[in-house]
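Novice: Generate the whole structure from the sequences, applying the supplied hints.
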Amino acid sequence: MPDSGPDLSRRSFGGLAAALVLDGCSRAFPKGANGEEQRLNFYNWDTYIGETTLGDFSKATGVDVRMSHYANNDELFARLRAGNPGFDVIVPSNEFVTRLQISGMLSPLDHARIPNRANLAPEFVDVPYDPGRRWSMPYTWLALGIGYRKSQVDGVPDSWKWVLDSDRYSGRIGLLAEGDDLIRLGAKYLGHSVNAVTPAIMEQVTQMLIRQKRHVKLFHHDEGQDLLASGEIDLVVEYNGDIAQVMADDDDLAFVIPREGTLINSDCLCVPTGAPRPDNAHRFINYLLDAQVGADIANSIRFPTPNAAALALMPEEYRTNQVIFPSGPAMAKSGYGRFQGIGHIRAVEEAITRVMAA
Amino acid sequence: MLQRPSQAPGVFAAVGVPPVVWLFALFLAPLAVIWTYSFGENRTLVDIAITGSWGNYARALKPLYLAILLKSMGFAALTTVLCFILGLPVALAITFASRRAKLLLLVAIMLPFWTNLLIRTYALMAILRTEGLINSGLGALWGIVPGLPPFEPLPLINNNFAVVIGLVYVHLPFMVLPLYAALDRLDRSLIEASLDLGAGHLATLWRVVVPLALPGIVSGIIITFIPALGAYLTPDLLGGTNSQMIANVIERQFRSANDWPFGAALSFLLMYLTFAALMVQAIISRRSAEREAAR
Numbered sequence: 002m003p004d005s006g007p008d009l010s011r012r013s014f015g016g017l018a019a020a021l022v023l024d025g026c027s028r029a030f031p032k033g034a035n036g037e038e039q040r041l042n043f044y045n046w047d048t049y050i051g052e053t054t055l056g057d058f059s060k061a062t063g064v065d066v067r068m069s070h071y072a073n074n075d076e077l078f079a080r081l082r083a084g085n086p087g088f089d090v091i092v093p094s095n096e097f098v099t100r101l102q103i104s105g106m107l108s109p110l111d112h113a114r115i116p117n118r119a120n121l122a123p124e125f126v127d128v129p130y131d132p133g134r135r136w137s138m139p140y141t142w143l144a145l146g147i148g149y150r151k152s153q154v155d156g157v158p159d160s161w162k163w164v165l166d167s168d169r170y171s172g173r174i175g176l177l178a179e180g181d182d183l184i185r186l187g188a189k190y191l192g193h194s195v196n197a198v199t200p201a202i203m204e205q206v207t208q209m210l211i212r213q214k215r216h217v218k219l220f221h222h223d224e225g226q227d228l229l230a231s232g233e234i235d236l237v238v239e240y241n242g243d244i245a246q247v248m249a250d251d252d253d254l255a256f257v258i259p260r261e262g263t264l265i266n267s268d269c270l271c272v273p274t275g276a277p278r279p280d281n282a283h284r285f286i287n288y289l290l291d292a293q294v295g296a297d298i299a300n301s302i303r304f305p306t307p308n309a310a311a312l313a314l315m316p317e318e319y320r321t322n323q324v325i326f327p328s329g330p331a332m333a334k335s336g337y338g339r340f341q342g343i344g345h346i347r348a349v350e351e352a353i354t355r356v357m358a359a
Numbered sequence: 038m039l040q041r042p043s044q045a046p047g048v049f050a051a052v053g054v055p056p057v058v059w060l061f062a063l064f065l066a067p068l069a070v071i072w073t074y075s076f077g078e079n080r081t082l083v084d085i086a087i088t089g090s091w092g093n094y095a096r097a098l099k100p101l102y103l104a105i106l107l108k109s110m111g112f113a114a115l116t117t118v119l120c121f122i123l124g125l126p127v128a129l130a131i132t133f134a135s136r137r138a139k140l141l142l143l144v145a146i147m148l149p150f151w152t153n154l155l156i157r158t159y160a161l162m163a164i165l166r167t168e169g170l171i172n173s174g175l176g177a178l179w180g181i182v183p184g185l186p187p188f189e190p191l192p193l194i195n196n197n198f199a200v201v202i203g204l205v206y207v208h209l210p211f212m213v214l215p216l217y218a219a220l221d222r223l224d225r226s227l228i229e230a231s232l233d234l235g236a237g238h239l240a241t242l243w244r245v246v247v248p249l250a251l252p253g254i255v256s257g258i259i260i261t262f263i264p265a266l267g268a269y270l271t272p273d274l275l276g277g278t279n280s281q282m283i284a285n286v287i288e289r290q291f292r293s294a295n296d297w298p299f300g301a302a303l304s305f306l307l308m309y310l311t312f313a314a315l316m317v318q319a320i321i322s323r324r325s326a327e328r329e330a331a332r
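Protein chains in written order, with my numbering: chain E, 2 to 359; chain W, 38 to 332.
Misleading hints may appear alongside valid ones.
Stated by the list, open to error - Listed below are several chain W residues computed to face chain E (Cβ distance under 8 Å; list not exhaustive):
| # | residue |
| --- | --- |
| 1 | Asn79 |
| 2 | Thr81 |
| 3 | Leu82 |
| 4 | Val83 |
| 5 | Leu98 |
| 6 | Leu101 |
| 7 | Ala104 |
| 8 | Arg136 |
| 9 | Thr167 |
| 10 | Gly277 |
| 11 | Thr278 |
| 12 | Arg292 |
| 13 | Asn295 |
| 14 | Asp296 |
As the list claims (entries may be wrong) - The following label-pair restraints were derived from C-beta to C-beta distances:
| # | chain 1 | residue 1 | chain 2 | residue 2 | range |
| --- | --- | --- | --- | --- | --- |
| 15 | E | Val157 | W | Glu189 | 26 to 32 Å |
| 16 | E | Lys162 | W | Trp91 | 39 to 45 Å |
| 17 | E | Lys151 | W | Leu175 | 24 to 30 Å |
| 18 | E | Val157 | W | Leu175 | 32 to 38 Å |
| 19 | E | His222 | W | Val48 | 51 to 57 Å |
| 20 | E | Val157 | W | Val182 | 54 to 60 Å |
| 21 | E | Ala249 | W | Leu98 | 31 to 37 Å |
| 22 | E | His222 | W | Ile320 | 54 to 60 Å |
Please keep in mind that the hints were generated in silico from the structure rather than gathered at the bench. Positions of the beta carbon are idealized from the N, C-alpha and C atoms, including for glycine.
Specialist: And the structure:
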């Protein structure tokens with residue numbers, strides 16, 4: 002990143018302070034041909050962009066990109082809820098595209114300004130959580146599975162049983178601290194759809210998690226790959242790309258999508274309502290969907306790309322990697338999580354509070 | 038000579054208005070907003086209807102949340118007791134140290150305050166981890182002795198032990214400073230008299246020093262207990278599967294649960310407890326002032 006400027010993630014005084022930092026005390030930027038200041042505020046996940054992507058965009062367009070990070074979708078939502086503090090492009094996951102959109106926090110995309118959307122693989126062009134892609138462009142997709150240390154595990158732990166319902170690896174298991182994901186994976190393990198979690202199923206999963214808790218070493222905040230790599234735990238519920246990142250340095254690590262199927266996510270590029278520089282935002286989104294740019298990003302972050310043109314430029318090793326592109330019957334049984342209403346969120350949260358308190 | 042506000046209104050206004058405005062605009066007003074939320078409910082993901090209902094408080098008093106609150110109080114009480122046991126000798130040592138050593142000791146107590154809490158907690162994690170400094174150090178020593186079974190790392194992190202260690206580490210200065218302030222003002226001739234008249238050191242400590250320093254001790258206990266009760270980062274980072282404290286539940290209401298009204302009710306429950314503790318402190322210090330005056 003060329004001139005990273007103030008790192009916003011450390012400034013958590015809320016929207017007002019962020020707005021001051023973003024708009025108040027920065028240097029003056031010249032106006033571009035589109036009448037917007039030559040800059041852009043990009044709110045992204047950590048380690049989720051190519052090494053030179055932002056600098057290259059700046060060289061190509063003269064627009065200076067400032068990136069700041071959030072740790073999860075809830076943080077992104079909470080931040081935007083009080084009003085957009087000046088972000089131009091954000092990267093919510095599929096379910097949060099819905100949540101932000103129905104809350105009036107996204108502005109519609111102008112497809113005419115994103116010609117590179119032609120690069121997308123067909124299955125990402127029209128999706129249930131955003132019909133016609135009015136509000137979002139896919140950036141990556143990802144699947145939850147079990148990352149594990151081969152030398153410490155018997156065979157391939159290809160069932161959620163080994164992390165959710167068994168004492169076989171007691172004290173060596175790390176679960177994701179996201180209540181909604183845990184409940185849905187538990188439902189999947191018990192043979193239900195991730196989007197049909199009734200109160201009875203939720204109760205059943207909650208009881209199972211309460212029973213399993215004494216065998217669980219920790220609940221992690223999406224840093225499971227580091228805990229696995231450092232030997233703190235031997236099995237972890239994590240995203241495929243995160244495990245692929247650490248597998249590159251350690252031959253003893255592996256990843257499997259359990260045979261019951263899993264939860265698929267897709268992180269998407271969106272323009273939040275009130276973005277100060279919407280045209281720059283569209284140019285940036287279009288740039289990220291370019292074939293070569295997309296390939297450079299995929300090379301760095303090791304998540305699967307929904308960009309067919311970028312994929313064609315990737316080496317064999319990436320395209321056929323079973324961790325990055327899991328396939329087979331388990332994937333056929335997997336699906337995207339859908340937003341199920343505020344009552345569901347509340348029930349999930351109380352269930353997880355019970356698990357943690359038990 | 039003392040002046041009354043009426044004699045120099047301009048000066049008093051100039052000095053008094055900024056802090057009052059600050060207090061209202063940046064503390065009381067936001068607090069009032071959160072307080073109002075606690076009587077509301079979510080209509081959509083972003084709209085909160087203020088219904089005036091006590092439902093959030095009723096939910097906050099459910100056994101599930103009361104048990105978490107009690108557990109948090111247990112953590113905070115244990116932290117306070119350990120801080121007092123560790124802090125009293127430290128405060129005594131500072132009080133009776135030479136002027137130069139006193140300054141150095143006070144700086145040593147204050148120094149961690151100048152580092153961000155997050156950084157300090159991560160540093161503690163590096164020490165306590167399974168592959169951290171303590172375990173690798175012990176493992177190396179273990180390896181020197183022949184004939185021992187392979188070293189099993191001690192479980193120092195991701196459990197309640199680590200949470201208490203973290204809380205004590207973070208809150209120790211809160212205990213030491215008020216204790217020191219109280220002990221430093223103590224009339225030393227009373228201690229000498231007690232020792233001259235045959236009381237031992239421990240008896241002098243418990244029957245002379247502690248009663249005289251009681252207001253300082255109560256302040257120390259309260260300003261250690263309250264932030265420890267509201268600790269959120271420490272249980273989150275050092276805790277295990279069983280270390281959830283009330284602040285973690287509150288944090289989740291404002292983030293993943295997106296349930297600000299319920300989070301607000303839980304926060305205010307904690308706030309009422311804080312007020313109660315402060316009232317107890319006020320009563321104790323007034324009583325001891327009265328006793329002083331009666332002498």
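Novice: Look at each hint and say if it fits the structure.
Specialist: Verification of the supplied hints:
The interface hint given for W/Asn79 holds, since its Cβ lies 5 Å from the closest Cβ of chain E, which is under the 8 Å cut-off. About 7 Å separates the beta-carbon of W/Thr81 from the nearest beta-carbon of chain E, less than 8 Å, and the hint is met. At a threshold of 8 Å, the smallest CB-CB gap from W/Leu82 to chain E is about 5 Å, leaving the interface hint in force. Among the interface hints, the one on W/Val83 holds; its C-beta lies about 5 Å from the nearest C-beta in chain E, closer than the 8 Å criterion.
Proximity of W/Leu98 to chain E is violated relative to the hint, the smallest CB-CB distance being about 14 Å (cut-off 8 Å). Because the closest C-beta pair between W/Leu101 and chain E is about 6 Å apart, less than 8 Å, the hint holds. Below 8 Å, beta-carbon pairs count as interface contacts, and W/Ala104 has one with chain E at about 6 Å; its hint therefore holds. The beta carbon of W/Arg136 is not positioned within 8 Å of any beta carbon in chain E (closest approach about 39 Å), and the interface hint is therefore violated.
Here the hint on W/Thr167 is kept, as its CB sits about 6 Å from the closest CB of chain E, short of 8 Å. The restraint placing W/Gly277 at the interface with chain E holds, with a minimum CB-CB distance near 6 Å, inside the 8 Å limit. Interface restraint check: W/Thr278 against chain E, minimum CB-CB distance 5 Å, threshold 8 Å, status holds. For W/Arg292, the shortest C-beta to C-beta distance to chain E is roughly 4 Å, which falls under 8 Å, so the interface hint holds.
Using the Cβ-Cβ criterion of 8 Å, the hint placing W/Asn295 at the interface with chain E is satisfied: the shortest such distance is roughly 6 Å. Residue-level restraint check for W/Asp296 holds (minimum Cβ-Cβ distance to chain E is 6 Å; threshold 8 Å). About 27 Å separates the C-beta atoms of E/Val157 and W/Glu189, a value consistent with the hinted range of 26 to 32 Å. A C-beta distance of roughly 44 Å is found between E/Lys162 and W/Trp91, which places it inside the suggested range of 39 to 45 Å.
Between E/Lys151 and W/Leu175 the beta carbons are some 28 Å apart, a value that agrees with the proposed interval 24 to 30 Å. Separation of E/Val157 from W/Leu175 is about 34 Å and conforms to the stated range, judged on CB atoms against 32 to 38 Å. The supplied range of 51 to 57 Å is met by E/His222 and W/Val48, whose beta-carbon atoms lie about 52 Å from each other. In this structure, E/Val157 and W/Val182 break the distance hint of 54 to 60 Å, their C-beta atoms being roughly 39 Å apart.
Taking the beta carbon of each, E/Ala249 and W/Leu98 are about 51 Å apart, not inside 31 to 37 Å as hinted. Separated by about 43 Å at the C-beta atoms, E/His222 and W/Ile320 break the suggested range of 54 to 60 Å.
In the structure shown, a violation is registered for the earlier hints numbered 5, 8, 20, 21 and 22, in ascending order.
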